[in-house]
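Working from the sequences, and respecting the hints, build out all of it.
Spelled out from the first residue to the last, the chains are:
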Amino acid sequence: MPLIKGDQITEDPWVYADDEDELPSGDVVVHLERWEKDKDSLRSRNGKLGLILRSDQSPELVADDLAAFDLIALDFPAFKDGRAFSYARMLRERFAFEGEIRAVGDVHRDQLFFMHRCGFDAFEVENAAVLQDWLEAAREFTSVYQPALDAKQSVLRLRHHTKKAAE
Amino acid sequence: MYRYDEFDRTIVDERVKQFRGQVARRVSGDLTEEQFRPLRLMNGLYLQLHAYMLRVAVPYGTLSSKQMRMLAHIARKYDKGYGHFTTRQNIQYNWPKLEEVPDLLADLATVEMHAIQTSGNCIRNVTSDQYAGVAAGEIEDPRVYCEIIRQWSTFHPEFSFLPRKFKIAVTASEDDRAAIRVHDIGIQLVKNAAGETGFRFFVGGGLGRTPVVGPEINSFVKKKDLLSYLEAILRVYNQLGRRDNLYKARIKILVRSVGTGEFAEMVDKEWQFIKDGKYDLPQDEIDRIKAYFAPPAYETLPATDATLKDKIEANADFAAWVKRNVAEHKVPGYGIVNISLKPIGGIPGDATAEQMEVVADLAEKYSFDEVRVTHEQNLVLPDVKKSDLFVVWEALSASDMGTSNLGTITDMISCPGLDYCNLANARSIPVAQRISERFADLSRQHDIGDLKVKISGCINACGHHHVGNIGILGVDKKGQEFYQITLGGSATEDASIGKILGPAFSYDEIVDAVEKVVDVYLEHRAPGEAFLGLVDRVGLDPFKEKLYAAH
Ligand code: SF4
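The listed protein sequences correspond, in order, to chains A and B.
Under the numbering used here, the letters of the first sequence match residues 177 to 343, in that order.
Under the numbering used here, the letters of the second sequence match residues 118 to 668, in that order.
You may find that some hints are simply not true.
[Unchecked claim] Listed next, the stretches of chain B that the computed footprint assigns to chain A, with coverage defined by at least 3 CB atoms under 8 Å from CB atoms of chain A: (1) 130-139; (2) 267-279; (3) 348-362; (4) 388-395.
[Said to hold, decoys possible] FRET-style restraints, in silico, Cβ to Cβ: (5) B:Gly378 / A:Asn222: 41 to 51 Å; (6) B:Val228 / A:His337: 24 to 34 Å; (7) A:Glu187 / B:Thr149: 25 to 35 Å; (8) A:Lys256 / B:Asp658: 43 to 53 Å; (9) B:Trp212 / A:Met177: 25 to 35 Å; (10) B:Glu610 / A:Asp195: 27 to 37 Å; (11) A:Asp216 / B:Ile256: 54 to 64 Å; (12) B:Glu123 / A:Glu212: 50 to 60 Å.
[To be verified] Short derived list, chain A residues pointing at chain B, Cβ under 10 Å: (13) Pro189; (14) Tyr192; (15) Asp194; (16) Arg230; (17) Ser234; (18) Leu237; (19) Arg259; (20) Met266; (21) Phe290; (22) Cys294; (23) Phe317; (24) Ser319; (25) Val320; (26) Leu325.
Note that these hints are calculated values from the structure, not bench results.
Only a predicted model underlies this, so the values are computations on that prediction, with no experimental measurement involved.
All C-beta atoms, glycine included, are put in the ideal place defined by N, C-alpha and C.
Here you go:
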């Protein structure tokens with residue numbers, strides 16, 4: 177699947193591993209179940225490790241293991257299922273996870289803006305041709321009310337900083 | 118009232134532009150209806166039985182006369198000349214055309230209004246006490262915090278795809294006119310022992326098919342923690358609220374299933390992670406917003422007005438209206454005028470463009486330019502001098518808005534029901550109209566006194582029937598419209614859920630049944646005893662006897 181990262185379509189170096197098969201070489205993403213089962217061998221192999229979580233699997237379940245992962249993929253089984261927005265924030269804010277947080281599944285153009293604000297920095301999309309559209313969607317709003325995880329200053333801060341500066 | 122600054126304006130303008138693009142993609146066929154649905158639902162646009170319906174937010178029910186005139190303009194230009202005020206203090210238009218909605222929204226934006234988050238599984242328009250700022254005994258104007266919550270919740274990146282819609286109400290008064298305990302979150306401004314003002318939080322109230330009076334989860338949250346505490350509640354709910362069953366997805370079900378104490382602990386645990394940080398509400402911001410809600414320039418007046426007294430003595434209709442529809446104002450010499458949108462036989466909450474303009478003019482001339490929308494689907498002029506009451510009443514009466522029925526049996530709440538809504542089992546509006554006609558005689562209404570009747574066309578309870586003193590619920594019996602009666606509900610500080618009286622009545626029988634309920638009340642009440650008091654004292658039996666004896 178095409179991957180949007182850093183405002184462009186990029187080559188995806190990661191391979192998703194099945195739960196039973198021999199692991200391919202290189203950077204692999206495994207399910208939580210496989211991680212639970214094969215922790216030791218996964219830790220000792222060469223190549224980076226990623227984890228994909230279903231929307232009913234909170235990152236809290238792997239809170240102690242996060243250092244092992246360079247990527248966490250969070251699944252949106254349907255665009256309406258917004259749990260992963262909270263998971264992404266939890267990963268960044270509570271667990272200070274600095275690797276890639278990737279949105280996978282039913283990812284809509286009109287959600288990109290919110291995802292970005294919650295700490296996602298990579299997005300698997302169906303069709304590379306829509307990139308331009310997506311980038312526009314992500315820039316539809318220049319002001320935001322809430323502090324979050326993107327670089328945007330919240331209106332709350334802007335209001336009171338500009339005021340202070342003017343005083 | 119609050120005025121937009123450059124940031125607020127930019128956000129609303131950008132939203133209009135974004136939605137215009139989405140509508141264009143739908144009209145050109147780039148988006149299917151299925152793909153468009155979640156987008157329009159983020160912006161208050163529903164597909165109803167006959168047409169699109171657009172719900173416009175009236176934040177915490179406060180409008181300026183300029184905004185009210187714009188609502189009239191929209192009714193005329195994009196609808197059939199009227200609008201419908203809702204139980205969420207909003208206004209709905211039932212006949213806009215899809216291609217015109219972006220222009221409609223652009224018009225609204227010129228008066229600092231929008232339709233953002235008036236539908237969808239997100240945080241909806243925050244509601245409040247319609248007497249905010251003018252009621253005696255209030256701790257502070259709750260709208261300051263409503264506005265803060267409005268801004269915080271607007272396009273919240275994390276909480277725009279919740280398990281279900283989410284409603285917050287704020288009050289600052291012991292008399293709860295905002296029905297806070299039947300909201301997902303109810304917030305009451307309170308003072309602690311040290312004299313500081315903070316917030317008492319109730320969570321998990323709601324109506325629908327599982328009516329619940331929300332329990333308290335925190336008796337005092339400091340002002341600076343308002344947003345971090347809200348974030349914590351919403352974050353727990355967003356992760357754990359059920360998503361597998363539409364009817365179990367509201368926060369009330371989560372609170373019930375884990376237990377109030379446990380839920381409060383979960384929130385507290387989450388809160389500890391984010392407290393005292395970037396979510397702290399700056400005092401500067403509270404002060405900035407508070408300045409917009411500073412009291413207007415009231416004159417110093419005597420508490421009683423001589424001309425008013427004369428007029429009351431000379432005109433019995435006016436006297437009845439003052440008694441029924443004008444409430445005590447905190448400032449001597451002023452009154453709070455309730456404008457009834459429940460004329461006898463009318464559609465509850467409907468107002469024509471002309472009526473909206475009359476109200477706008479009156480607000481401008483006599484009420485410091487402000488109008489309120491109530492969750493009981495009426496309007497309020499909050500600041501009218503007692504000496505102006507007579508002219509205001511005359512103008513309202515001339516436009517069919519002077520009915521002295523506030524709080525009486527004809528001041529009903531009714532959902533749109535089968536006339537508009539595709540979920541309905543039965544009609545609601547015609548039932549309301551027929552009850553209204555049956556009790557048309559004002560002296561009879563005044564003799565009955567306060568009595569809240571609420572009607573929903575299905576179990577989703579948009580007409581709040583569970584908390585009506587008399588609740589009426591439309592049910593479907595083998596394809597026929599039937600109506601179940603509940604008694605003893607209340608949405609105020611003594612919030613309670615009504616009890617089902619017995620088998621449902623047909624469309625033809627329901628009005629007689631309601632009349633019999635009223636007869637039992639009149640027959641059994643002690644002097645001055647309210648309907649709820651009687652139901653408490655004698656239970657449902659006398660009502661059952663009267664209504665079902667002959668069956
Ligand atoms: S209560 Fe039912 S019929 Fe009435 S508006 Fe709500 S969903 Fe429609």
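Self-check item: Violated hints, by number in ascending order, as checked against the structure
Solution: Hint check: 9, 10, 13, 14, 15, 16, 18 fail, others pass.
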